[in-house]
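Residue numbers (my numbering), protein chains in the order written: chain A, 249 to 677; chain B, 13 to 188.
Some hints here could point you the wrong way.
[As the list claims (entries may be wrong)] No more than 25 Å apart at the CA atoms, straight line, and that leaves these computed lysine to any residue pairs for SDA-like: (1) B:Lys50 - A:Glu413; (2) A:Lys669 - A:Thr581; (3) B:Lys54 - A:Lys669; (4) A:Lys371 - B:Leu48; (5) B:Lys54 - A:Thr581; (6) A:Lys371 - B:Pro52; (7) A:Lys371 - B:Asp45; (8) B:Lys50 - A:Ser433.
[As the list claims (entries may be wrong)] A few chain A residues facing chain B, derived, Cβ under 10 Å: (9) Thr343; (10) Arg378; (11) Glu380; (12) Gly419; (13) Leu435; (14) Ser452; (15) Leu454; (16) Ser498; (17) Asn502; (18) Ser541.
Keep in mind that the hints were calculated from the coordinates and are not lab data.
Note that beta-carbon positions come from the ideal geometry of N, C-alpha and C, so glycine has one too.
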Amino acid sequence: MHIEAIGCEPLQLRRVHLENSRTLEVYRRNGGYEAIKKVLDSMSPDDVINDVKKSALRGRGGAGFPTGLKWSFVPKDSPKPKYVVCNADESEPGTFKDRYLMERDPHMLIEGMLIAAYALGAKTNYIYTRGEYRYLIDIMDQALAEARAAGLLGEKILGTDFSCEIYTHTGAGAYICGEETALLSSLEGMRGHPRMKPPFPAVSGLYACPTVVNNVETLTAVPDIIKMGGEAYQKLGTEKSGGTKVWSVSGHVNRPGVYELPMGYDDMEKFIMEDCGGIANGRQLKAVIPGGSSVYIMRAEAVIGKDVRMDYEGLVAGGSSVGSGGFIVMDDTVDIFESTKNLTEFYKHESCGWCTPCREGTDWLVKIFKRIDNGGGRADDAQLMLDLCDNIEGKSFCPLGDAAAWPIQSAVKRFPEDFAKHLVGSRKE
Amino acid sequence: MSQQLTQIRPLSQPVHMPDEPATFSAAVEAEIDGHLAKYPVKRSAILPLMFIVQRERGYLDPAGVLYLANRLALRVTDIWEVATFYSMIQTRPVGKYHIQICKTLSCKILGEPLITERVCKKLGIKPGETTADGRFTVSMVECLGSCGTAPMFQINFDYHENLTPEKVDRILDSLP
Ligand SMILES: Cc1cc2nc3c(=O)[nH]c(=O)nc-3n(C[C@H](O)[C@H](O)[C@H](O)COP(=O)(O)O)c2cc1C
Ligand code: SF4
Ligand code: FES
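Start from the sequences, fold in the hints, and give me the full structure.
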């Protein structure tokens with residue numbers, strides 16, 4: 249698999265190709281743990297938060313919320329313990345960047361978490377990793393043990409008054425536990441149902457204490473922000489989204505892989521057709537889902553010759569969104585009715601069952617797809633699907649409901665021909 | 013949660029709860045203590061502990077449930093409640109090798125159907141079934157974060173990526 253930075257110096261991917269990149273020694277030899285030293289030597293918690301604000305870093309887990317702002321919501325005067333929780337649940341179809349960041353450079357995540365913990369006053373911190381990534385938990389545990397032995401974790405870190413612990417935690421195969429409040433329920437040993445917001449985790453999160461939940465890639469960006477300064481980091485990207493972004497690319501491209509690009513990279517067509525080696529087997533691009541399965545699907549015509557800029561605003565203007573940054577590229581052999589059915593089954597399987605619109609709605613959608621598959625398609629089924637989505641989107645307890653509706657709505661509207669051929673005249677009577 | 017429903021089914025029938033909880037070696041007990049020490053609240057260790065029980069006993073059986081209830085100072089129903097939510101927690105026996113084939117989009121369009129066909133043909137079972145000798149279980153699962161190296165399956169916790177039907181043969185033949 250291909251791992252490469254394009255259009256920028258690699259930051260997140262700086263060490264991935266080095267031999268023994270996951271060891272403390274290699275990490276330190278290549279700039280590692282300099283940021284936490286700088287923080288402990290010369291910065292106050294507020295300085296750190298201000299730097300992260302200036303960096304215009306936005307959360308890489310999917311929602312794109314400004315990280316510095318999120319950190320500033322944690323009440324400073326609260327007598328309760330505070331927690332930093334790393335979201336390594338990475339289960340969004342098409343997304344696998346966090347996996348490689350942790351596999352190749354686990355100390356970068358540890359350093360990012362240490363800095364976050366210092367800024368927020370957190371003493372105990374967790375990395376919630378999806379259960380299937382067991383080998384990554386082992387890698388992280390090993391890296392944590394190495395850091396602990398070197399005085400970078402535990403009591404009096406680097407001889408200062410700063411003490412902090414980081415532990416790994418395992419999920420057990422539930423996509424919904426990537427949603428931050430469901431993740432916290434799960435970390436408390438409950439079923440992974442989401443919780444009402446507000447209160448937001450920053451105020452009342454893990455064990456009802458102030459908690460910051462951040463994605464792996466968000467936290468691994470922090471050491472570089474500290475080292476180069478927030479402003480310099482921001483300038484690598486755009487005014488509204490600073491720095492670089494790591495994208496996962498899968499599907500019908502010649503070079504699937506993990507790519508680091510500056511935020512605001514021009515443009516998506518070049519990225520797919522040149523950087524990722526173009527469409528495999530000499531076929532034509534038909535569709536692309538650019539942000540993990542939960543975003544609008546785009547037609548090739550919306551990409552080719554359209555200069556879609558790769559950042560939050562650019563992708564929205566292009567008719568989709570950044571989401572988790574997982575590109576799923578499809579060539580002209582793919583039937584969008586089939587691909588949409590596949591994703592609908594995913595959401596049905598992963599609906600946590602807590603609220604009716606999502607639990608029942610995704611189930612009905614799958615039933616409709618099955619009926620059509622069995623030759624019972626009706627001309628108005630496309631409209632029926634849209635109506636069902638309408639009753640899920642915006643009416644569900646958590647964003648998984650919206651995430652289930654968006655791929656279907658966009659596919660039905662943008663690829664009507666693929667649906668029509670399954671509906672009209674498909675009835676076996 | 014369709015897969016979880018198949019797991020809930022045996023629980024909707026009476027489950028025989030043994031009088032005695034499961035017991036574990038001193039080494040496993042120490043490992044469990046290690047997990048409990050990470051959290052201010054014992055209950056938080058429920059998933060890591062379920063995985064240990066599963067590893068030691070093949071699946072989370074009623075004696076294992078009773079053990080967890082005692083160890084975590086919870087009710088038996090609390091344990092079942094959590095166990096039935098998570099697709100990786102097995103409340104019924106599974107084969108020694110649990111082959112979990114990813115069926116989600118990137119794998120699907122890059123040859124998953126051929127992989128599934130080969131696996132099932134070779135083992136003579138359908139997804140969701142276990143071979144009569146108890147060696148293999150085949151399940152279809154959702155995206156495992158290997159879309160860039162699709163198609164793929166996981167055997168227990170091991171990733172096998174960039175699969176081809178021939179590679180499937182080699183992997184299955186080489187299992188001890
Ligand atoms: C259904 C659902 C699944 C999610 N899965 C993940 C995930 O696997 N990893 C992740 O970092 N964020 C995921 N998120 C987003 C989190 O709720 C949260 O916004 C994020 O972890 C915050 O971190 P960030 O600000 O660093 O992005 C998911 C959200 C939803 C609604
Ligand atoms: S929207 Fe779906 S996943 Fe979210 S709470 Fe409702 S049922 Fe659960
Ligand atoms: S789609 Fe199969 S691993 Fe992601």
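Hints, verified against the model:
| no. | hint | result |
| --- | --- | --- |
| 1 | B:Lys50 - A:Glu413 | holds (9 Å) |
| 2 | A:Lys669 - A:Thr581 | holds (15 Å) |
| 3 | B:Lys54 - A:Lys669 | violated (55 Å) |
| 4 | A:Lys371 - B:Leu48 | holds (17 Å) |
| 5 | B:Lys54 - A:Thr581 | violated (52 Å) |
| 6 | A:Lys371 - B:Pro52 | holds (12 Å) |
| 7 | A:Lys371 - B:Asp45 | holds (21 Å) |
| 8 | B:Lys50 - A:Ser433 | holds (16 Å) |
| 9 | Thr343 | holds (7 Å) |
| 10 | Arg378 | holds (7 Å) |
| 11 | Glu380 | holds (5 Å) |
| 12 | Gly419 | holds (7 Å) |
| 13 | Leu435 | holds (6 Å) |
| 14 | Ser452 | violated (15 Å) |
| 15 | Leu454 | holds (9 Å) |
| 16 | Ser498 | holds (4 Å) |
| 17 | Asn502 | violated (12 Å) |
| 18 | Ser541 | holds (7 Å) |
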